[in-house]
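There are 2 protein chains.
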Amino acid sequence: MYGLIGKMLAVPGQRAALADILLEGLKEMPGCLSYIVAEDLTDADALWVTEVWETAELHQASLGLPAVQAAISKGRSLIAGFGERYETRPLGGHGLARRAESLIGGE
Amino acid sequence: MYGLIGKMLAVPGQRAALADILLEGLKEMPGCLSYIVAEDLTDADALWVTEVWETAELHQASLGLPAVQAAISKGRSLIAGFGERYETRPLGGHGLARRAESLIGGE
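These protein sequences, in sequence, are chains S and C. If you're matching positions, the first sequence starts at 0 in numbering that gives the first Met the number 0 and goes up one per residue. If you're matching positions, the second sequence starts at 0 in numbering that gives the first Met the number 0 and goes up one per residue.
The hints are simulated quantities; they were obtained by calculation from the structure and are not laboratory data. Ideal Cβ placement from N, Cα and C applies to all residues, glycine included. One should not assume that every hint holds.
To be verified - Using 30 angstroms as the maximum straight-line C-alpha spacing, the simulated DSSO-like pairs for lysine-lysine come out as follows:
hint : chain 1 : residue 1 : chain 2 : residue 2
1    : C       : K6        : C       : K26
2    : S       : K6        : C       : K26
3    : C       : K6        : S       : K6
4    : S       : K26       : S       : K6
5    : S       : K26       : C       : K26
6    : S       : K26       : C       : K6
7    : C       : K6        : C       : K73
8    : S       : K26       : S       : K73
To be verified - Some residues of chain S that are not near chain C, with every Cβ distance over 10 angstroms (derived):
hint : residue
9    : P11
10   : T87
11   : L90
With the sequences and hints as input, model every part of the structure.
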């Protein structure tokens, strides 16, 4: 599995709108086992996106999906910048979508 | 929802053993919607634990569960320290265990 933990900085006042775009764009991405959008509790403009993918390649491929491309276009102007970004190798846990479920959802 | 993103530093050579303890200790925690243990790709001793809970109170309560207490006892000597720690308010996403599922599992 491949994981990403990343901080995204919204244009002031646009964090909620940016979060909505991120959440609506992410349905049915092949290989996506977890994708969570969260507000930072100390910085009113910051979001954290934590992701788990079956492989780094499937994550990369998702960037070409129409729904994801649409979200990027829509959200781009609401992003002021990016903060920390950590790549990981998830070992397991609770709350990871079943692989069959994620692949079927993406067909 | 309440979220945590935290870096844990294992005693050198003990990361895999620590990860095992973290993963075995976490079954059936009431209110836990996601709990993922991952290796950092740049630091051979570092783990990232990302969690989503229904409430901060349920997360706090989990620390008193027998299985969690046992994991803490077992794992304590394998932990060299802690790194970054971010508290968040998760807004939603894919891969969050259904609430009913998490509560039933915890009974």
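To see whether the hints hold, each was checked on the structure:
1. As the CA atoms of K6 of chain C and K26 of chain C are separated by approximately 21 angstroms, the hinted pair is consistent with the 30 angstroms bound.
2. Distance check on the hinted pair: K6 of chain S and K26 of chain C sit about 28 angstroms apart at the alpha-carbon level, within 30 angstroms; holds.
3. Straight-line distance between C-alpha atoms of K6 of chain C and K6 of chain S comes to about 15 angstroms, which keeps the hinted pair within the 30 angstroms bound.
4. Distance restraint check for K26 of chain S and K6 of chain S: the Cα-Cα separation of roughly 21 angstroms lies within the 30 angstroms cut-off, and the hinted pair is therefore satisfied.
5. Restraint check: the Cα-Cα separation between K26 of chain S and K26 of chain C comes to about 27 angstroms, which is no more than 30 angstroms; the hinted pair holds.
6. Proximity of K26 of chain S to K6 of chain C is assessed by CA-CA distance (about 28 angstroms); at most 30 angstroms being required, the pair is judged to hold.
7. Restraint check for K6 of chain C and K73 of chain C: the C-alpha separation of about 18 angstroms stays at or below 30 angstroms, so the hint holds.
8. The straight-line distance between the Cα atoms of K26 of chain S and K73 of chain S is roughly 16 angstroms, inside the 30 angstroms bound, and the hint therefore holds.
9. A cut-off of 10 angstroms between C-beta atoms confirms that P11 of chain S is not in contact with chain C; the least separation is 18 angstroms.
10. A cut-off of 10 angstroms between C-beta atoms contradicts the statement that T87 of chain S is not in contact with chain C; the least separation is 4 angstroms.
11. With a least beta-carbon separation of about 5 angstroms from chain C, L90 of chain S fails to lie farther than 10 angstroms from that chain, contradicting its non-interface assignment.
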